[in-house]
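Chains A and B supply the protein sequences, listed in that same order. Position 63 (the first sequence) corresponds to 63 in our numbering; numbering is contiguous. Position 388 (the second sequence) corresponds to 388 in our numbering; numbering is contiguous.
Since the hints were made in silico from the structure, they are not lab data. Warning: the hint list may mix true and false statements.
In silico DSSO-like cross-links for lysine-lysine, where the CA-CA straight-line distance does not exceed 27 Å [stated by the list, open to error]:
| no. | chain 1 | residue 1 | chain 2 | residue 2 |
| --- | --- | --- | --- | --- |
| 1 | B | Lys-73 | B | Lys-52 |
| 2 | B | Lys-162 | A | Lys-438 |
| 3 | B | Lys-348 | A | Lys-260 |
| 4 | A | Lys-438 | B | Lys-245 |
| 5 | A | Lys-450 | B | Lys-434 |
| 6 | A | Lys-450 | A | Lys-219 |
| 7 | A | Lys-245 | A | Lys-219 |
| 8 | A | Lys-162 | A | Lys-151 |
| 9 | B | Lys-450 | B | Lys-434 |
| 10 | A | Lys-434 | B | Lys-52 |
| 11 | A | Lys-229 | A | Lys-245 |
| 12 | B | Lys-434 | B | Lys-423 |
| 13 | A | Lys-438 | B | Lys-236 |
| 14 | B | Lys-434 | A | Lys-162 |
| 15 | B | Lys-162 | A | Lys-434 |
| 16 | B | Lys-245 | B | Lys-73 |
| 17 | B | Lys-379 | A | Lys-260 |
| 18 | A | Lys-450 | B | Lys-423 |
| 19 | B | Lys-162 | B | Lys-438 |
| 20 | A | Lys-379 | A | Lys-348 |
| 21 | A | Lys-162 | B | Lys-379 |
| 22 | A | Lys-434 | B | Lys-434 |
| 23 | A | Lys-219 | B | Lys-450 |
| 24 | B | Lys-229 | B | Lys-50 |
| 25 | B | Lys-162 | B | Lys-73 |
| 26 | B | Lys-219 | B | Lys-245 |
Computed, partial: chain B to chain A, Cβ under 7 Å [said to hold, decoys possible]:
| no. | residue |
| --- | --- |
| 27 | Gln-134 |
| 28 | Asn-176 |
| 29 | Gly-252 |
Keep in mind it's a predicted model, so treat the numbers as computed, not measured. Ideal Cβ placement from N, Cα and C applies to all residues, glycine included.
Listed below are the residues making up each chain.
There are 2 protein chains.
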Amino acid sequence: MPSKNNYSDKPALDYVFHPRSIVVAGVSTDTTRLNFGRILLESLISAEFKGKIYPVNPSGDEVFGLKIYPSIKDIPQTVDYVISAIPAQYTPQLIADCAAKGVKVVHFFTAGFSETGTEEGRQLEWQIASTARQNGIRIIGPNCMGVYCPKTGLTFCPDFPKETGSVGYIAQSGGNSIYSVREAAMRGIRFSKVVSYGNACDLSETDFLEYLSQDPETKIITAYIEGVKDGQRFSKVLRQAARVKPVIIFKGGTTQIGAKTVASHTSAIAGSETIWRSLLRQAGAIQVDSLDELFDVALAVNYMSPPHGRNVALIGLGGGASVQAADACSNAGLALPPFPLEIRQRLKDIIGLEAGNIFNNPLDLYHRNRQEILEEAIKVIANYEQIELLIIHIPFDALIITPRWGANQYIEAIINLGEQINKRTTIVLEFVAKTESKQIASEAQLTLYKAGFPVYPSVRRAANAISKLIQYHHWQQRQYS
Amino acid sequence: MPSKNNYSDKPALDYVFHPRSIVVAGVSTDTTRLNFGRILLESLISAEFKGKIYPVNPSGDEVFGLKIYPSIKDIPQTVDYVISAIPAQYTPQLIADCAAKGVKVVHFFTAGFSETGTEEGRQLEWQIASTARQNGIRIIGPNCMGVYCPKTGLTFCPDFPKETGSVGYIAQSGGNSIYSVREAAMRGIRFSKVVSYGNACDLSETDFLEYLSQDPETKIITAYIEGVKDGQRFSKVLRQAARVKPVIIFKGGTTQIGAKTVASHTSAIAGSETIWRSLLRQAGAIQVDSLDELFDVALAVNYMSPPHGRNVALIGLGGGASVQAADACSNAGLALPPFPLEIRQRLKDIIGLEAGNIFNNPLDLYHRNRQEILEEAIKVIANYEQIELLIIHIPFDALIITPRWGANQYIEAIINLGEQINKRTTIVLEFVAKTESKQIASEAQLTLYKAGFPVYPSVRRAANAISKLIQYHHWQQRQYS
Numbered sequence: 001m002p003s004k005n006n007y008s009d010k011p012a013l014d015y016v017f018h019p020r021s022i023v024v025a026g027v028s029t030d031t032t033r034l035n036f037g038r039i040l041l042e043s044l045i046s047a048e049f050k051g052k053i054y055p056v057n058p059s060g061d062e063v064f065g066l067k068i069y070p071s072i073k074d075i076p077q078t079v080d081y082v083i084s085a086i087p088a089q090y091t092p093q094l095i096a097d098c099a100a101k102g103v104k105v106v107h108f109f110t111a112g113f114s115e116t117g118t119e120e121g122r123q124l125e126w127q128i129a130s131t132a133r134q135n136g137i138r139i140i141g142p143n144c145m146g147v148y149c150p151k152t153g154l155t156f157c158p159d160f161p162k163e164t165g166s167v168g169y170i171a172q173s174g175g176n177s178i179y180s181v182r183e184a185a186m187r188g189i190r191f192s193k194v195v196s197y198g199n200a201c202d203l204s205e206t207d208f209l210e211y212l213s214q215d216p217e218t219k220i221i222t223a224y225i226e227g228v229k230d231g232q233r234f235s236k237v238l239r240q241a242a243r244v245k246p247v248i249i250f251k252g253g254t255t256q257i258g259a260k261t262v263a264s265h266t267s268a269i270a271g272s273e274t275i276w277r278s279l280l281r282q283a284g285a286i287q288v289d290s291l292d293e294l295f296d297v298a299l300a301v302n303y304m305s306p307p308h309g310r311n312v313a314l315i316g317l318g319g320g321a322s323v324q325a326a327d328a329c330s331n332a333g334l335a336l337p338p339f340p341l342e343i344r345q346r347l348k349d350i351i352g353l354e355a356g357n358i359f360n361n362p363l364d365l366y367h368r369n370r371q372e373i374l375e376e377a378i379k380v381i382a383n384y385e386q387i388e389l390l391i392i393h394i395p396f397d398a399l400i401i402t403p404r405w406g407a408n409q410y411i412e413a414i415i416n417l418g419e420q421i422n423k424r425t426t427i428v429l430e431f432v433a434k435t436e437s438k439q440i441a442s443e444a445q446l447t448l449y450k451a452g453f454p455v456y457p458s459v460r461r462a463a464n465a466i467s468k469l470i471q472y473h474h475w476q477q478r479q480y481s
Numbered sequence: 001m002p003s004k005n006n007y008s009d010k011p012a013l014d015y016v017f018h019p020r021s022i023v024v025a026g027v028s029t030d031t032t033r034l035n036f037g038r039i040l041l042e043s044l045i046s047a048e049f050k051g052k053i054y055p056v057n058p059s060g061d062e063v064f065g066l067k068i069y070p071s072i073k074d075i076p077q078t079v080d081y082v083i084s085a086i087p088a089q090y091t092p093q094l095i096a097d098c099a100a101k102g103v104k105v106v107h108f109f110t111a112g113f114s115e116t117g118t119e120e121g122r123q124l125e126w127q128i129a130s131t132a133r134q135n136g137i138r139i140i141g142p143n144c145m146g147v148y149c150p151k152t153g154l155t156f157c158p159d160f161p162k163e164t165g166s167v168g169y170i171a172q173s174g175g176n177s178i179y180s181v182r183e184a185a186m187r188g189i190r191f192s193k194v195v196s197y198g199n200a201c202d203l204s205e206t207d208f209l210e211y212l213s214q215d216p217e218t219k220i221i222t223a224y225i226e227g228v229k230d231g232q233r234f235s236k237v238l239r240q241a242a243r244v245k246p247v248i249i250f251k252g253g254t255t256q257i258g259a260k261t262v263a264s265h266t267s268a269i270a271g272s273e274t275i276w277r278s279l280l281r282q283a284g285a286i287q288v289d290s291l292d293e294l295f296d297v298a299l300a301v302n303y304m305s306p307p308h309g310r311n312v313a314l315i316g317l318g319g320g321a322s323v324q325a326a327d328a329c330s331n332a333g334l335a336l337p338p339f340p341l342e343i344r345q346r347l348k349d350i351i352g353l354e355a356g357n358i359f360n361n362p363l364d365l366y367h368r369n370r371q372e373i374l375e376e377a378i379k380v381i382a383n384y385e386q387i388e389l390l391i392i393h394i395p396f397d398a399l400i401i402t403p404r405w406g407a408n409q410y411i412e413a414i415i416n417l418g419e420q421i422n423k424r425t426t427i428v429l430e431f432v433a434k435t436e437s438k439q440i441a442s443e444a445q446l447t448l449y450k451a452g453f454p455v456y457p458s459v460r461r462a463a464n465a466i467s468k469l470i471q472y473h474h475w476q477q478r479q480y481s
């Protein structure tokens, strides 16, 4: 493995995310076959990439109104960045052409290197990395999706959001990076930079972590990591990063069989789970155990003010749902202090005395879901000084009749309260059962995140995210007080 | 609290589920206001209830083409079953009328009894229960949804499936019973009988558990329980039930604050979590910790043959997804034995040598998703004698381009294999991110469960359900060998 180049400027790798011109090598005009070169090219065009785009294929021709060059060397202008979607056996020629052309960054979408577990694959990876190093070219990959940077229009998927955001994401897995951006986008997260870096034969998770920690556009760092190549350097960079921004990490390959799968996926060494856990804890990174949890926590960090205590008020509908929600909060280490008599009396006055309602914490508002009532009740609870956080739980599918009207009453009450409560309120929309309620929830989620409210699919997941946010905040206070 | 009547026939409470005529008391003709009497009546009509239906309201009139009687006593025919949707204060009169009319069962949808925590509420509940007992009337509730029995057309929700099934469900919470039937229905579960029993002032979880254990139409018993009134009897009945059928129980109110919420929800005593856990374990019931898990496990028990060992083959797409799936299986105690050289060679021959694929367990088929290839590959793995179970993992949203074509290749391959593999295969459709893929997954889920395949939304949940199925099977073997 070639040693790393050393770029000492700050943030050193900024040019990787801001190429002035891009080549996509391996673009086919044959629309009857799946061709990733064409998909990647189309993605750049639809993301309105800010620089020049040059498709390359030995057979020439034209695609999407762009001339296809037979070789990189035939392009008359300078080329900053090359995306390789050609078969692995042609990559040594490609990297030689890139060197001749003065290319700065090559992203190898191409797979078939060390992850195959063959001597041939390892050799080929060593060869391209070595040529790159000798010519000052940085490599992303091979065997990965590359970079998504909405600000410059760099992307690898035609349906990713065009808006930029403040969350950075480093993903060893290509599929995970695609899934994650889509899922996070639905939930109101927008990204500054996303990198899927695969086998990491040159630029690694550590390089990108260092970059994101220095990048002023990135406020929160998230990562899916299968293994690191230089544990000591990673540990050092992680400590530095966690000191300046929240760093949330999901480590894949924590079991023996998972670790074995890691080896054939990205050729990385997964490392022991125990070592990882203590490394992350000591560095002050937030540890999570799934992709869902990764963005659950990112959402809380992104939308909410860090609370000092653990006192939550739970407003919901349905007795059974309230019981389960109370259990979920309690299991996540949150407290649900009972409301004093005065608050309960005010709630009774607002809601009206009706049997079957619980005028306490959790507050059950089943069948009392008129907007004005909800708004007033939420306001009373939000103004009660013992309460730091609100969870508003709307389980659509527990209602007998079509829930659109009821859901809208809730959503409008919450939207009206808006900035009065959004920095300390999470909304739970449960919508797994009915097709209709799934649609209502999708629309509501969009409305709510635009108003600054994080939305979760269950109280359990919301409570867990809040709990991790509090833990992180307490860790920070211990560090800097 | 009045003592229970003793019905010794077997199954003693069968008449509760087979009334010949029903009264819905509290039906309003005013369509500008939410009226649960009308909704419950409409539900019975749309479920094509097999007997006579009589709406009752002091003001008379007509609704859905049915004459509204001012009182139960005005109905010229016999009445077996009464649904009360009237305010609590009128229920003593109603139960007196029921006694005069010779009614056998009253379901009190009406709330406002002991769950309010007031002396008045407790008194009222005691009063109706006492009158009922003196007149041989059985009570379901109060403060609950009642009975859903698709075979007779008894129901409490207009959108519940009309088809009958083999799963019985006992739910202390009304909202939970509604949510559960909908969610389970989407996943291919059909019910024999569902009872939401609320405060259980007469008929309790134990009565219904005993009934379901003797009911030949019920093959699997599921339950959401907040607390029991007679622990000893419950424990005895549970042992008997678990001896003859799988019994899956979700206990709500396991935390202190959850238990407090239970008290104001259904006035039940939640009991200590430790006692519950050991009670369920000793009885041989399957314990779960959420409603989702309740039906995850019911699905596995319902669709799959119990496996003897823990050897699973994982077929999926995407390296990162495979790593996480392998971790999930391993954490659930499942084994992923590596394929021998011969199987790997046969897979290579079928799939074609392509870089980036993993020819082992898990088998990563990213981008090799033509139906014929998938079908052949699955067949080779299913026929490998070391493998007892298959998990086929299709994470739609990890694919770059629109997944309908790719998804269909998978679904068709699985459907073609059908009965050759369905008793030992679970399908995982991951579809949380994109609206389009949610729809594809909903359609695919329907197709798959009709072909006998249980579908899960994540490998984690599938692996957990399989693991619980294996545990249960091993417990059974120890008992009866």
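Hint check results:
1. B:Lys-73 <-> B:Lys-52: OK: Lys-73 (chain B) and Lys-52 (chain B) at ~16 Å, within 27 Å.
2. B:Lys-162 <-> A:Lys-438: Given that 27 Å is the threshold and the Cα spacing comes to 22 Å, the pair holds.
3. B:Lys-348 <-> A:Lys-260: holds (19 Å)
4. A:Lys-438 <-> B:Lys-245: violated (34 Å)
5. A:Lys-450 <-> B:Lys-434: At roughly 18 Å apart (the allowed maximum being 27 Å), Lys-434 (chain B) and Lys-450 (chain A) satisfy the hint.
6. A:Lys-450 <-> A:Lys-219: holds (19 Å)
7. A:Lys-245 <-> A:Lys-219: holds (6 Å)
8. A:Lys-162 <-> A:Lys-151: holds (8 Å)
9. B:Lys-450 <-> B:Lys-434: Satisfied, since the Cα-Cα distance of roughly 24 Å is no more than 27 Å.
10. A:Lys-434 <-> B:Lys-52: violated (30 Å)
11. A:Lys-229 <-> A:Lys-245: holds (23 Å)
12. B:Lys-434 <-> B:Lys-423: violated (30 Å)
13. A:Lys-438 <-> B:Lys-236: violated (41 Å)
14. B:Lys-434 <-> A:Lys-162: Roughly 16 Å separates the two Cα atoms, so the pair holds.
15. B:Lys-162 <-> A:Lys-434: holds (16 Å)
16. B:Lys-245 <-> B:Lys-73: violated (42 Å)
17. B:Lys-379 <-> A:Lys-260: holds (24 Å)
18. A:Lys-450 <-> B:Lys-423: violated (46 Å)
19. B:Lys-162 <-> B:Lys-438: Distance of about 25 Å is within 27 Å: holds.
20. A:Lys-379 <-> A:Lys-348: Distance of about 14 Å is within 27 Å: holds.
21. A:Lys-162 <-> B:Lys-379: violated (43 Å)
22. A:Lys-434 <-> B:Lys-434: This hinted pair holds, its Cα atoms lying about 17 Å apart.
23. A:Lys-219 <-> B:Lys-450: violated (48 Å)
24. B:Lys-229 <-> B:Lys-50: violated (34 Å)
25. B:Lys-162 <-> B:Lys-73: violated (31 Å)
26. B:Lys-219 <-> B:Lys-245: Status holds; Cα separation ~6 Å.
27. Gln-134: Check failed: Cβ of Gln-134 (chain B) comes no nearer than 25 Å to chain A, outside 7 Å.
28. Asn-176: holds (4 Å)
29. Gly-252: holds (4 Å)
In this structure, the hints that do not hold are numbers 4, 10, 12, 13, 16, 18, 21, 23, 24, 25, 27, in rising order.
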